[in-house]
Structure formats: C-alpha cells, structure tokens
Amino acid sequence: MIRTLVALALMSLPAAAQDFSANSEAKSWNLYAEQPARFEAKVIDTLCDLTGECAADCGGGAHQLGLLRKADGVLVLPLKNGQPVFSGAANDLQPFCGKEVEVDGLMLVDADVGLNHVYQLQKIRVVGDADWTKANQWTKDWAAKNPDAAGDGPWFRRDPRINAMIVEKGYLGLGLDVDAAFIKELFP
Amino acid sequence: MTGLRNTLMGFFMAALSVGEGMLPAYAAQDGEKITVSGEFIDTWCYFSGVMGSQDAVVGSAHHTCAMWCSAGGIPVGILTEDGTVYMVLKVGEDATSNGSDNLLSMASDTVTADGTFYARDGINYIVVSKIVQNDGITRLNHEDLGVVPDFAIQNPNK
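Quick note, the sequences are listed as chains A and B, same order.
Counting with the working numbering, you get residues 184 to 371 for the letters of the first sequence.
Counting with the working numbering, you get residues 194 to 351 for the letters of the second sequence.
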C-alpha cells in the first residue's frame, strides 16, 4: 500500500519540477537569479485571493495583481514590467483581470535565499490570441495622469509626488540640511 | 505506520490536485495576526540584484530609488531585521498597493506595524492594520555608500 502511494505521489509531481523556459523569448536583464519563464496563468487580485477582500475589476488598477499558474497552481507575483524605468507590472496586468493568459518574462530563482515565484513581465496575451502585448504600459498611464509634467527626461525626474517629497525631505529623506551637506560633499 | 500512510495519502492527494488542468481550489486564508518591525523597501531592487547587493538597496542611500519604485507601482515590502520580506497588500483602510500615496510617503522608513500575515508559495504577504510606530529613515548608509544608483542625485554643477 505504502509503496503504491509513494509511486503514485512521485508520478503525479511533474508540475513541481517543470522548466518554464521552453519557448520563452524573454530578453535577459543580466540578473543573477533570472530564468526565462513562459507559462499560462489566470490574472488575479492578490488581496482578494489571499484575504477574501475582493473589489470589482481586481481593484481597478489600485491593487497588485498575481499570476495563478495553470500548470501547478502556484501564485506568481510580478514585481516589474518590461520597462527599465522603475515601473511595476500591475498596470500591464489590469486589462487582463480574471482572464487566462500566457506570459513571457524572467522568473527570479535563488534557492539559497528562498527566492522563488517573483517575476518580471515582458509580454502577455490572452490564451489563444496570436498577438502579444508588450508590458510597457506604465509610462503611458503615467503620462496620461500627469499632463502638466510633460518635458524632457524620464518620468521619475518629473513626477510631482516624488519631487514634492524631495523638496520637503531631500533625496536622502533626512531633511534639507543633511541633503545640502551631502550634495556638497558628493559634488564639490 | 498509520501516520506514514496518512502522510503519503495526503501528499498524493495534494500532488494530484496540482496536476495539469486540476488547479488546487485555494480559498482565502484566515491569516495570522502579527506585529513586525522593519523598513519599507522596494522589492524589485532588493530581490533582483539589479543595483547590487541587498545591503546597498535599503536605507538613505537608496531612498530616492525607493520613492521611484514605490511611485512606479513596484510592490512595497517590509524588510525585518532577520531578513524576512513581507509584501504589503494594504495599510489601514487604504487598499492601494500599486503606486499608493501612503506607501510612497513612508518609503525607506522603519516602522512597527500590526497586521495579518499570509504565506503563499514561498512569498510572505501582510495586510497592515495599523502603523504603530514610524521611526523614519534609520539606516544611514549614504555615509558609506553614497547614493544607489549613483545617478539618483544629479550633479548640480553641470
């Protein structure tokens, strides 16, 4: 009986050992723990899924969204989208709330520090669709929300909320006096 | 022997439940009441190593970047002294975790927070019910590291 159960348990574990790099076209970011990962998943609201506190439309863009992987039921948390500009992936996932999708990107895996199931999303499409959507929505959404912040330079130099905090507490967050002395030392 | 049999049976059933096309029927969890003390960090820089070691992407040295990432919608975490990171899903009545004003205002701060802890697939999550104490930025590592990334502050002389 026990031998049978052991054999059945081992036979039923292929998903746990799956390699999700097959057919991935993800671009390397030269991250020490990156592994290309292309898989199917359902886009879910993490707050709702974990706590039962559910809002319409996955929170309408306010919540962090997760990927419930089809192959093994693992909840993957995307931390980053495909843009190299300090931008998350929730805006890219929001239009796909509740949908079964296919994603491609980089999984961060480091068994030594217990790092697993966090993800950089590079592209996404509804399962069965031919066309991918690049995960580069964030700056478009930011520009639409901040028409008065138009100008040269990346968004994070022009963002009104960030600039207001720098004006109040400085780049170090320790107050303007500390900031001024540090900047003078940094750029004599 | 009965215990082993039950364990194996449970293992078998759990394994079966994750077979292809048979997603486990996860229900919302009850969570565990918890009080944590730690720093609000940007989780991408911390986990990815994109800007160097984990020591370099915390504290005052990384504060500007932490603001960029928080405003940019990268999940904010609370990093405790023992190295545990809790992904923040909600603070008080504010359920915004994508670019939240509230979280942005506390970037790099060391806080003590009451909340409810959830664990799922190797990731820790927290719903913060109350910030009990906010000590501001306590890790003054800019004195040793400068700023990370080094372009966080632009040269005013240029």
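Hints are computed from structural coordinates only; laboratory data are not their basis.
Even glycine gets a Cβ: it sits at the ideal position worked out from N, Cα and C.
Each hint should be verified, as a subset may be incorrect.
[Said to hold, decoys possible] Some chain B residues close to chain A (C-beta under 7 Å, calculated; not the full set): (1) Ala249; (2) Ser253; (3) Ile316; (4) Tyr318; (5) Ser322; (6) Val325; (7) Gln326; (8) Ile330; (9) Pro342; (10) Phe344.
Any hints this thing doesn't respect? Which numbers, in order? 1, 5, 6, 7, 9, 10
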